[in-house]
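Required output: the full structure, derived from the provided sequences and hints.
Sequence order for the protein chains is Z and C.
Read in order, the letters of the first sequence correspond to residues 1 to 143 in the numbering used here.
Read in order, the letters of the second sequence correspond to residues 144 to 525 in the numbering used here.
Just some of the chain C residues that point at chain Z, by a computed CB distance under 10 Å:
1. G270
2. Q273
3. M295
4. P342
5. T391
One-sided and incomplete, this derived list gives chain C residues near chain Z with beta-carbon spacing under 10 Å:
6. A262
7. A264
8. V268
9. V280
10. V284
11. D285
12. A288
13. L290
14. R337
15. V339
16. Y393
17. H394
18. S395
19. E396
What the hints contain is simulated information worked out from the structure, not anything from laboratory work.
All C-beta atoms in this analysis are idealised placements derived from N, C-alpha and C, irrespective of residue type, glycine included.
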Amino acid sequence: MTAAGTPPPVADRPVPRRDEGSAPFWEACAQGRLVAQRCTACGRFRFPPRPTCPACRSFEHRWEDLSGRGRVWSWIRAHPPLLPAFAELAPYIALVVALDEDPIHLRMIGRLEPACPEPAIGDPVQVGFERVVDQVIPLWRLG
Amino acid sequence: MSGRQAAIAGMGLLPFSKNLGRPERTAALEVILQALAEAGMGADDVDGVVRTTMESTTDAHIAFCLGIPDLRFFGEVGHGGGSGCALVGHAALAVEAGVAEVVVVYRARNRSTGGRPWAQAGNQVGGDAQWSVPFGVVRPVDQIAMLARRYMHECGITTRHFGEVAVACRSHAARNPGAQMRDPITLQDHAAARPVSEPLRLFDCCLESDGAVAFVVTTLERARGGARPPVLIRAHAQGVGPEHVVMTSYHSENPLQSTATFAARNLYRRSEVGPNDIQCAQLYDAFSPLVLMSLEAYGFCGPGEGGAFAEDGGLQWPAGRLPVNTSGGSLSEAYVHGFNLIAEGVRQVRGTSTAQVAGLEHCLVSSGSGVPTSALILGAYR
Ligand SMILES: [Zn+2]
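In structure tokens:
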């Protein structure tokens with residue numbers, strides 16, 4: 001998982017504003033790693049990140065590396081009118097990926113690499129990354 | 144029914160338009176005064192004001208402008224389109240509990256002063272949006288389209304079923320002089336319209352409107368003094384369900400079990416009225432798939448049966464099993480965060496809809512279901 005082969009930076013696309021809960025996720029992306037919070041008390045994954053485990057209410061957790069493999073849970077193809085930065089990319093496919101480690105509790109929104117054919121729900125996907133302005137965020141491909 | 148019964152005694156409504164032509168504050172004050180006049184009351188009678196957090200004018204400022212002498216109940220509900228029925232519910236709670244006697248609920252929207260909320264995304268997005276906006280899931284239509292495709296996949300729903308919703312709403316709007324889009328459309332028109340966020344196309348999306356709506360909620364006893372028959376608030380409820388993320392609600396164990404499923408349980412749990420006692424529904428329709436999902440959530444058909452219900456003509460006035468969005472709804476009348484759906488619920492109960500359901504006893508109204516939501520059962524007073 002590297003940033004190699006990803007498209008050049010696209011100006012003005014909105015980027016995540018890190019907060020104390022999300023910073024470890026985005027910092028890992030910058031290193032080419034996909035991670036998620038996991039409760040160290042009961043073992044449940046959770047996403048998006050939050051201070052407490054919704055199952056056992058523990059505050060204890062660690063950030064765990066994921067395989068970056070999952071399956072398409074759903075997808076859309078977006079057309080204008082769009083934010084200017086996304087209008088340049090239109091039509092583009094965004095998707096929700098159910099991660100192999102826990103397809104129920106780890107579902108992440110992402111974008112599909114433009115070169116990929118139209119996906120189907122259930123198709124396997126693999127994470128890659130793209131640089132957007134000064135940040136690195138996931139970019140998924142089929143396979 | 145023991146204790147105090149809450150009712151809607153008056154309603155104010157400015158014509159829906161593309162340009163309200165006055166600031167939101169002015170519009171809010173105008174419709175509130177309209178609603179009070181219809182209720183046979185004045186601002187001196189008001190002791191409660193509730194608002195949605197999207198409203199630009201505060202409760203205290205309404206009281207300041209109208210000279211409300213002793214505002215003793217005020218509050219707000221968030222989550223945009225999910226808040227409308229909840230606000231009427233909060234007003235009813237205050238009246239039922241005796242905390243307040245006359246509570247005003249209002250919504251005034253002038254898009255020219257606000258624009259499209261999604262287009263305001265800055266260069267950095269925080270909170271929940273950081274998990275969706277950077278990937279191009281920006282607009283409400285993108286957020287709901289994602290859920291819609293999953294719904295199609297799990298329940299055998301097709302885009303044609305979405306079209307049935309759009310066509311039904313438009314046919315109802317054609318009868319309503321106050322609706323913004325009145326030219327009939329066909330399933331072919333729906334399928335041929337430009338895609339916005341596939342699987343959703345243009346006619347799957349609500350209008351963008353200006354408008355202002357207000358309601359006066361009071362006791363049945365006082366509501367009987369108004370110019371119109373009282374509209375009983377037979378039940379009101381809110382619902383969220385586990386691990387809901389507002390608009391991008393893909394993170395619970397079963398995202399197709401929407402917030403509406405939970406609001407429905409809470410609604411029927413506290414009422415003798417069930418789905419079989421309801422003859423008409425105003426189901427929140429910012430996007431057409433939400434109507435089908437709400438049919439299921441509110442028990443008008445079984446899980447996964449929303450598409451077949453619509454295909455059988457079930458939504459259509461007058462012959463359908465459950466005429467839905469009889470003013471044209473958000474898809475064809477106007478989009479004011481679902482407050483127009485409450486107004487149509489009131490008209491149905493009063494017998495003044497342009498697609499009036501004969502002999503109506505109860506009308507269900509729902510608020511937005513991709514967000515923390517709410518619902519009402521409005522009933523006729525006989
Ligand atoms: Zn736990």
